[in-house]
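*Asks:* Sequence:
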Amino acid sequence: MFSHVMLGSNDIARSKRFYDAVLGVLGVGNALQNKNKTGQQRLFYRNEAGTFSISEPIDGQAATHANGGTIGFKCNSPEQVREFHDVAIAHGGTSIEQPPGPRVGAMGTMHLAYVRDPDGNKLCAMFREK
1 MFSHVMLGSN
11 DIARSKRFYD
21 AVLGVLGVGN
31 ALQNKNKTGQ
41 QRLFYRNEAG
51 TFSISEPIDG
61 QAATHANGGT
71 IGFKCNSPEQ
81 VREFHDVAIA
91 HGGTSIEQPP
101 GPRVGAMGTM
111 HLAYVRDPDG
121 NKLCAMFREK
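According to our numbering, numbering within the sequence shown proceeds without interruption in unit steps and concludes at 130.
Keep in mind that the hints were calculated from the coordinates and are not lab data.
Cβ-Cβ distance ranges computed for the label pairs, FRET-style:
no., residue 1, residue 2, range
1, 102, 35, 38 to 44 Å
2, 109, 47, 23 to 29 Å
3, 105, 68, 15 to 21 Å
4, 44, 10, 17 to 23 Å
5, 59, 89, 29 to 35 Å
6, 94, 51, 21 to 27 Å
7, 10, 49, 22 to 28 Å
Computed from a prediction, not measured in an experiment: that's the story for all the values here. Note that CB positions come from ideal geometry on N, CA and C, so glycine has one too.
Sequences are here, hints too, so could you generate the full structure?
*Replies:* Listed below in structure tokens is the structure:
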């Protein structure tokens, strides 16, 4: 359904340190860096599932997080959910909502962890039991 997701950052070097570590938990390699034609620095994390990108805002304004928005990352186990959370916190993220762990509901059991990246973007690590 999606080809890519892009978030803004006010500190691309800080974002690179954070996302290289956090996405490394999911087996994604370090970012490919580039500068677009108008001078903004960008990071691209790619794998078979698509592309996750971080960019300095093209309009020159400050990057802000989406109120009500969440980017979810699929994990392979409850342990990987916990590791995603812990690595995020160790690299400048903030734990939010309930502590990492299982949530039982109408859709079955999901293991979730919610964090905010250093720019305030809300991220979710999720493993769904079958």
